[in-house]
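Student: Respectively, the protein sequence lines represent chains Z and B.
The first sequence begins at 1 in our numbering and counts up one residue at a time.
The second sequence begins at 1 in our numbering and counts up one residue at a time.
Careful: at least some of the hints might be erroneous.
When the alpha-carbon atoms are kept at most 25 Å apart in a straight line, the in silico PhoX-like pairs for lysine-lysine are as follows [said to hold, decoys possible]:
hint : chain 1 : residue 1 : chain 2 : residue 2
1    : Z       : K287      : Z       : K172
2    : Z       : K96       : Z       : K249
3    : B       : K15       : Z       : K9
4    : Z       : K258      : Z       : K208
5    : Z       : K96       : Z       : K208
6    : B       : K33       : Z       : K11
7    : Z       : K171      : Z       : K91
8    : Z       : K171      : Z       : K11
9    : Z       : K171      : Z       : K302
10   : Z       : K9        : B       : K33
11   : Z       : K11       : B       : K18
12   : Z       : K172      : Z       : K249
Covered stretches of chain Z, as calculated for chain B (at least 3 residues, CB under 8 Å) [said to hold, decoys possible]:
hint : segment
13   : 10 to 20
14   : 205 to 214
None of these hints come from the bench; they were simulated from the model.
Just so you know, even glycine gets a beta-carbon here, dropped at the ideal spot from N, CA and C.
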Amino acid sequence: MAETTKKRKPKPPVTESLLTSGHRACAGCGESLGAKLVIDAAGPNTIVTTCTGCLEVFSTPYPESAWRVPWIHSLFENSSAVAAGVEAGLKALGKKEGINVIAQGGDGGTADIGIGCLSGMLERNHEVLYVCYDNEAYMNTGVQRSGLTPFDTHTTTSPSGKKSFGNQHPKKPLLEIVAAHNIPYATSATVGYPADLQLKVKKALKEKGATFIHLHVPCPLGWVYNTELTIEIARLAVQTGLFPLVEFKWGKVTRVRKITRERKPVEEYLKHQGRYRHLFASEEGKKEIKKIQAIADANIEKYGLV
Amino acid sequence: MSKPILITVGPGTSKVNKTGAWRTLMPVFKHDKCNDCRICVTVCPDACIFGQNNVYNANLDYCKGCGICAHECPVDDIEMVLEAK
């Protein structure tokens, strides 16, 4: 009865992505992967604004653009303000229905330079999805520390050496800061779980109000690891508890990704990366790893991840 | 009529930039154990893997040889080999 057995319908051929080939990101770039997944989930009826940073520089060196959707760049701090203007303009013309507006920026452009404009956009509750691509430093200008660089990370402006183990400040709690604006939807996501990320983008675009995705994107250049490990490192960040996947609705935690079965010690995540190499070189460094483990444990307890 | 400001560029024009020249390792799709899961298509940062029905290939004009597809392939059907140019 071979004819009657269920046969899977063949998938249609792979179509061209809305962030097309030929962009100048490094090999294995997590940010270009994240941007591709976000825009493909959002679809062609989307207007994108991007602030200065890697993403803007590699995707649109004049006179070329890798984007196949309307895209605009203005300044470092104001991609959220420009997106708010685009949304208000569309509403005034009565054309907002069916058109998504996405604002995006890197971790520096969001958490340091652009946090004022972002806060304004969230306060006025514009119907915009803001995506923060968090590669944990200013990678475009050569790996300087930002507000989202984690504790004890080596960067060129927080170098490790005899007197220091690198960045002395903890990572800014950006997602909590955003969620505290009482917006309909704010979540963290990672390129390590692409299906989860694309689902969250679709969920966010259905909301009638400001939404936010904090997207963790590994950077082979700044984090110093082999290019093929991008996805694996992104997954390890979640599994160790250093980057919890949490969804907020109207300021309250509604869903978390549990790591009960896949929980790993932080060394598993740190050992792949050259920016933490100094922690494995001395006895004092091992004590610092315990401090990083304490940060992961605090995250796990705070959101009940196990 | 005011003149248009010539600072806009066309969509997808980055394709003139053939980034394949950056590559040292080249992905070889063996088309042997492929189970049509399309994880390689999803995880390619350069969006250069195309195909259908268990036959997928990277567009070597743009593939930068990062090796994510080979690393993530659940059935090890992709191999990275040193490319002789």
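Student: Hint by hint, say whether it matches the structure.
Tutor: Hints and how they fare:
1. Z:K287 to Z:K172: Roughly 22 Å between the alpha carbons, so the hint for K287 of chain Z and K172 of chain Z holds.
2. Z:K96 to Z:K249: holds, 23 Å
3. B:K15 to Z:K9: violated, 32 Å
4. Z:K258 to Z:K208: This hinted pair is violated, its Cα atoms lying about 28 Å apart.
5. Z:K96 to Z:K208: holds, 11 Å
6. B:K33 to Z:K11: This hinted pair holds, its Cα atoms lying about 17 Å apart.
7. Z:K171 to Z:K91: violated, 37 Å
8. Z:K171 to Z:K11: violated, 42 Å
9. Z:K171 to Z:K302: holds, 15 Å
10. Z:K9 to B:K33: holds, 19 Å
11. Z:K11 to B:K18: violated, 29 Å
12. Z:K172 to Z:K249: Holds - the C-alpha atoms of K249 of chain Z and K172 of chain Z are around 20 Å apart, at most 25 Å.
13. 10 to 20: holds (count 9)
14. 205 to 214: Not satisfied, violated; 0 residues make the cut.
Against the hints set out earlier in the document, violations occur for numbers 3, 4, 7, 8, 11 and 14.
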